[in-house]
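S.K.: Here are the chains, one letter per residue:
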Amino acid sequence: MKLRELAERIGGRISGDPDIEITGVSGINDAGHGDITYFAEKKYLQNILSSNASAVIAKEEIAGLSGGERPAPMSVLIVDNPQYAFARALEVFYAAPAGLSGISDKAVIGSNVSMGGDISVHPFAFIGNNTALGRRVTVSTGVFIGENVSIGDGTFIYPNVTIRENVTIGRNVIIHPGTVIGSDGFGYVLEKGAHYKIPHVGGVIIEDDVEIGANVTIDRATVGNTIIGCGTKIDNLVQVGHNVRIGKNCIIVAAVAIAGSVEIGDWVILAGQVGVRDHIKIGSKAVVSGQSGVMTDVPEGEIYSGKPAIPHKTWMRAQSIFSKLPEYIQRLKELEKRSGRPD
Amino acid sequence: MKLRELAERIGGRISGDPDIEITGVSGINDAGHGDITYFAEKKYLQNILSSNASAVIAKEEIAGLSGGERPAPMSVLIVDNPQYAFARALEVFYAAPAGLSGISDKAVIGSNVSMGGDISVHPFAFIGNNTALGRRVTVSTGVFIGENVSIGDGTFIYPNVTIRENVTIGRNVIIHPGTVIGSDGFGYVLEKGAHYKIPHVGGVIIEDDVEIGANVTIDRATVGNTIIGCGTKIDNLVQVGHNVRIGKNCIIVAAVAIAGSVEIGDWVILAGQVGVRDHIKIGSKAVVSGQSGVMTDVPEGEIYSGKPAIPHKTWMRAQSIFSKLPEYIQRLKELEKRSGRPD
Amino acid sequence: MKLRELAERIGGRISGDPDIEITGVSGINDAGHGDITYFAEKKYLQNILSSNASAVIAKEEIAGLSGGERPAPMSVLIVDNPQYAFARALEVFYAAPAGLSGISDKAVIGSNVSMGGDISVHPFAFIGNNTALGRRVTVSTGVFIGENVSIGDGTFIYPNVTIRENVTIGRNVIIHPGTVIGSDGFGYVLEKGAHYKIPHVGGVIIEDDVEIGANVTIDRATVGNTIIGCGTKIDNLVQVGHNVRIGKNCIIVAAVAIAGSVEIGDWVILAGQVGVRDHIKIGSKAVVSGQSGVMTDVPEGEIYSGKPAIPHKTWMRAQSIFSKLPEYIQRLKELEKRSGRPD
Numbered sequence: 001m002k003l004r005e006l007a008e009r010i011g012g013r014i015s016g017d018p019d020i021e022i023t024g025v026s027g028i029n030d031a032g033h034g035d036i037t038y039f040a041e042k043k044y045l046q047n048i049l050s051s052n053a054s055a056v057i058a059k060e061e062i063a064g065l066s067g068g069e070r071p072a073p074m075s076v077l078i079v080d081n082p083q084y085a086f087a088r089a090l091e092v093f094y095a096a097p098a099g100l101s102g103i104s105d106k107a108v109i110g111s112n113v114s115m116g117g118d119i120s121v122h123p124f125a126f127i128g129n130n131t132a133l134g135r136r137v138t139v140s141t142g143v144f145i146g147e148n149v150s151i152g153d154g155t156f157i158y159p160n161v162t163i164r165e166n167v168t169i170g171r172n173v174i175i176h177p178g179t180v181i182g183s184d185g186f187g188y189v190l191e192k193g194a195h196y197k198i199p200h201v202g203g204v205i206i207e208d209d210v211e212i213g214a215n216v217t218i219d220r221a222t223v224g225n226t227i228i229g230c231g232t233k234i235d236n237l238v239q240v241g242h243n244v245r246i247g248k249n250c251i252i253v254a255a256v257a258i259a260g261s262v263e264i265g266d267w268v269i270l271a272g273q274v275g276v277r278d279h280i281k282i283g284s285k286a287v288v289s290g291q292s293g294v295m296t297d298v299p300e301g302e303i304y305s306g307k308p309a310i311p312h313k314t315w316m317r318a319q320s321i322f323s324k325l326p327e328y329i330q331r332l333k334e335l336e337k338r339s340g341r342p343d
Numbered sequence: 001m002k003l004r005e006l007a008e009r010i011g012g013r014i015s016g017d018p019d020i021e022i023t024g025v026s027g028i029n030d031a032g033h034g035d036i037t038y039f040a041e042k043k044y045l046q047n048i049l050s051s052n053a054s055a056v057i058a059k060e061e062i063a064g065l066s067g068g069e070r071p072a073p074m075s076v077l078i079v080d081n082p083q084y085a086f087a088r089a090l091e092v093f094y095a096a097p098a099g100l101s102g103i104s105d106k107a108v109i110g111s112n113v114s115m116g117g118d119i120s121v122h123p124f125a126f127i128g129n130n131t132a133l134g135r136r137v138t139v140s141t142g143v144f145i146g147e148n149v150s151i152g153d154g155t156f157i158y159p160n161v162t163i164r165e166n167v168t169i170g171r172n173v174i175i176h177p178g179t180v181i182g183s184d185g186f187g188y189v190l191e192k193g194a195h196y197k198i199p200h201v202g203g204v205i206i207e208d209d210v211e212i213g214a215n216v217t218i219d220r221a222t223v224g225n226t227i228i229g230c231g232t233k234i235d236n237l238v239q240v241g242h243n244v245r246i247g248k249n250c251i252i253v254a255a256v257a258i259a260g261s262v263e264i265g266d267w268v269i270l271a272g273q274v275g276v277r278d279h280i281k282i283g284s285k286a287v288v289s290g291q292s293g294v295m296t297d298v299p300e301g302e303i304y305s306g307k308p309a310i311p312h313k314t315w316m317r318a319q320s321i322f323s324k325l326p327e328y329i330q331r332l333k334e335l336e337k338r339s340g341r342p343d
Numbered sequence: 001m002k003l004r005e006l007a008e009r010i011g012g013r014i015s016g017d018p019d020i021e022i023t024g025v026s027g028i029n030d031a032g033h034g035d036i037t038y039f040a041e042k043k044y045l046q047n048i049l050s051s052n053a054s055a056v057i058a059k060e061e062i063a064g065l066s067g068g069e070r071p072a073p074m075s076v077l078i079v080d081n082p083q084y085a086f087a088r089a090l091e092v093f094y095a096a097p098a099g100l101s102g103i104s105d106k107a108v109i110g111s112n113v114s115m116g117g118d119i120s121v122h123p124f125a126f127i128g129n130n131t132a133l134g135r136r137v138t139v140s141t142g143v144f145i146g147e148n149v150s151i152g153d154g155t156f157i158y159p160n161v162t163i164r165e166n167v168t169i170g171r172n173v174i175i176h177p178g179t180v181i182g183s184d185g186f187g188y189v190l191e192k193g194a195h196y197k198i199p200h201v202g203g204v205i206i207e208d209d210v211e212i213g214a215n216v217t218i219d220r221a222t223v224g225n226t227i228i229g230c231g232t233k234i235d236n237l238v239q240v241g242h243n244v245r246i247g248k249n250c251i252i253v254a255a256v257a258i259a260g261s262v263e264i265g266d267w268v269i270l271a272g273q274v275g276v277r278d279h280i281k282i283g284s285k286a287v288v289s290g291q292s293g294v295m296t297d298v299p300e301g302e303i304y305s306g307k308p309a310i311p312h313k314t315w316m317r318a319q320s321i322f323s324k325l326p327e328y329i330q331r332l333k334e335l336e337k338r339s340g341r342p343d
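Residue numbers (the numbering used here), protein chains in the order written: chain Y, 1 to 343; chain L, 1 to 343; chain D, 1 to 343.
Because the hints were derived from the structure by calculation, they are not lab data.
Any given hint could turn out to be false.
Since the list gives no way to pick out one identical chain from another, each pair is judged satisfied if it fits inside one copy or across any two copies.
The calculated SDA-like cross-link candidates involving lysine to any residue, where the alpha carbons are at most 25 Å apart (straight line), are [what the hints assert, rightly or not]:
no. : residue 1 : residue 2
1   : K333      : S323
2   : K106      : G154
3   : K285      : M295
4   : K248      : P18
5   : K192      : I109
6   : K313      : E263
7   : K197      : S261
8   : K324      : I310
9   : K324      : H312
10  : K197      : G24
11  : K59       : D17
So here's chain Y without its partners, still in its complex pose:
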């Protein structure tokens, strides 16, 4: 494909040779002859200048920079959002594997199941009674879907996922392998010297455009619903407790654990391995840094760090002292000595 043709499909203005042949898409360090790569951060300028790529996707000012006094070593496709154009280029060059289509006779499908057009149900999938699948839904090998589940158009469920009863999943949702949706919440009450199990009779609602990683667990509500808001993306091995409500367009990174009844606003970012105590509220656009332990509410727009999590700047100032504590304590002792304190 000529660079000119690629530009027609993904947008952008060409600086250089529009007829150069593009045969693949590659990362900045691995790109070779025929590849198009992308350049979004100035710190990688040297990598671009020494790259063998045939073309690079970049913002205008970057193209100007390397194309000015020092000529750009390759053609440049100038776009507003290089990373987005890179994603689009990947789509152009690499089609997803076709996979199986149609409904396998090795799947088990319950009664009163409604299905839209272009559905794929793979071998060894199980679909419970009274379930509604929209159009272009894929239910992969080894997936279990319980009763009274609804799945919207275009949703893709990877192998060995378990979705229990009374779960509602929106449109264009992606659920990666091994994930469990609708497991019982972790709730007991002490009675007669034993932990008595509190029934979890609620459900789970996954809104449109959510993506859920591999081996994630999302518990059903005690009553009501655990809710994952529209456009939210969840990485692998994340735990979402019962009755949690996550807003829209959040980013929940791998190995985060969210306890029961937590409320999270929109556009929140929880970095890897963060833990959130039960009943906490995290305001919209808040960010919690990796491995932090959230034990109090986080206000809207704030960045929190540490365990317990506190405002990031406060944490940074305190943490920067931590490794120097031995020196400061030594200085304290010297002061004491000079002031005549008996040691």
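Since chain Y is already given, all that's left is putting chains L and D on it; use the hints.
M.R.: Just chains L and D, lined up with the frame of chain Y:
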């Protein structure tokens, strides 16, 4: 169902109208007309007073409080343990889905498998040779059970669980989807410049009334058994290493990781994301707070926090200083200046 | 089996009775009459001296110690590496369960699948098109293998594993149940007010002799490959992000989370629950202690601890002060008082 009838089934004394109709059970904030809810913590008194619930489950003194000078806005079902009565009410109103019964002809069942009455084995389940299943056992879709496994009466195994050979599971155990029991422990010995795998020929014993969350991993012992004691409850995504022994009625919250050969007493609580080093002993009734790293033994009844975990009170006092370190260091420097230290 | 015969099979020199009958292998505390156990750490000398084991595997000097003034209470098999000899003894006494052999007619196998000899494919396994399986490969129940996957000789895949398309797995690899290999990396770019998914068109390469625990997740690369080097061992519930490169013979303990594009050298040890930020480099033979958060590169051979992770000795010195902070702050305040600071 009239409140009177509910009281007959779950116990309690009615203050108010025993003939009021109860049509559902709900949380304190979502309860509407026809719902019964519960009230266990005084901080939620205002929520109850403004609730539209038709009835509330509460302790006597609470009923008196709101029914005294200020009349209770709804009927009250007076019980000793409101949360327990709430759990019972959920059971009355919401039956678990019936699920499939009988043994699917799409399951594979090995030789010399004994089964008690009322067993359910769902499609695509696999049961190995020389396995014994008690009465009322459910083996869901996609479950793998290896050879020489024993499962007690009333145990429920959710979809896509893997139970390897030589595992013994007691009565009324619940195992949530995606969980793995009896994987090899993580043990190697360095020999000739490579990690040589130590065979794990032991087993796992899960005692009665244990509940194990989704996507949990419980490794088999090198020799002997990894043991989960009677009544212990394990949340999602927990790792239990080889030869670990957990006592009775423990609570192990999500994302805890317990290394090999750890010994945990009875009634221990490990909060979310706790890590426990290998060969550690944690005494009965000890509590470890979330994200702590247990690197030394924890005595019976103690509360530990931090990494490394230390007594909670000590940790709290030290941690309360952490965010003020910059201020204290500033004060130290001022003292030095006044005492003439060259900066 | 006589001790003499065991020594012939696993090596070593006998001190004591070569004709004593050995009927099993056991840990140091559980060993009874007929058992052989092993002794590798001096702190367990008393346990050996009071053991009922019929024989013990030990290093020469240890045998000398207990066989000198104080006679060894049992026969000793003298070897260079007792733990290795113990592993070999376990292999001699405990054969792995034979499992199913051959290709089940309840498996689904795609087109253009090549298979070496002695392959086992169990019921409800699914093998995609254009896949190559070497000799003595086992594909267990409920395993999904996508298209264009290659699996080397002697590799064992436990139940309910998901391996997506374009994954290359070497020889003698072990993959424990529930693990997911080749899930999409976690990558989005903000475009028009939404998270736009970056396609992940790369693959995963698992080299020879790798072992991967249960419920692990290893994401595929955006472009190129995520790589797990030869001989590396990964424990349960570990997350490996897209484009990560792990070297040879590393030990990655349970619940570690490694973000995208991290580069890890050879012989690295990441202890339990460690988190590693994206694009970090960890040099060969480095060690990171449990629960640490790696936010800067770790040089070759260094030991790092804490969050953010710093050299272990620095962390230890600072951490040893942490619990005494209240006392030091008190002493600071006393100094201030004596120096006349207004409080």
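S.K.: Give a verdict on every hint.
M.R.: Each hint tested on the structure:
Within a single copy, K333 and S323 get their C-alpha atoms as close as 17 Å, and across copies as close as 17 Å, so both meet the 25 Å cut-off. In this homomeric assembly, K106 and G154 come within 25 Å of each other (Cα to Cα) only inside a single copy, at 22 Å, whereas the closest approach across copies is 29 Å. For the homomeric pair K285 and M295, the shortest alpha-carbon distances inside one copy (18 Å) and between copies (23 Å) are both at most 25 Å. For the identical chains of this complex, K248 and P18 are neighbours neither inside a copy (40 Å) nor across copies (44 Å), given an alpha-carbon limit of 25 Å.
Within a single copy, K192 and I109 get their C-alpha atoms no closer than 43 Å, and across copies no closer than 39 Å, so neither meets the 25 Å cut-off. Taking the shortest Cα distances, K313 and E263 sit within 25 Å of each other inside one copy (24 Å), while across copies they are farther apart (29 Å). Proximity of K197 and S261 under a CA criterion of 25 Å is satisfied intra-copy only: 17 Å inside one chain copy versus 29 Å between copies. With identical chains, the CA atoms of K324 and I310 are at most 25 Å apart both within one copy (21 Å) and between copies (12 Å).
For a Cα distance limit of 25 Å, the shortest separation of K324 from H312 qualifies both inside one copy, at 19 Å, and across copies, at 14 Å. In the homo-oligomer, the alpha carbons of K197 and G24 lie at most 25 Å apart only across protomers (19 Å), although the nearest pairing inside one protomer, at 55 Å, exceeds that limit. In the homo-oligomer, the alpha carbons of K59 and D17 lie at most 25 Å apart inside one protomer (17 Å), although the nearest pairing across protomers, at 72 Å, exceeds that limit.
Checked against the numbered hints listed earlier, the structure breaks hints 4 and 5; every other hint is satisfied.
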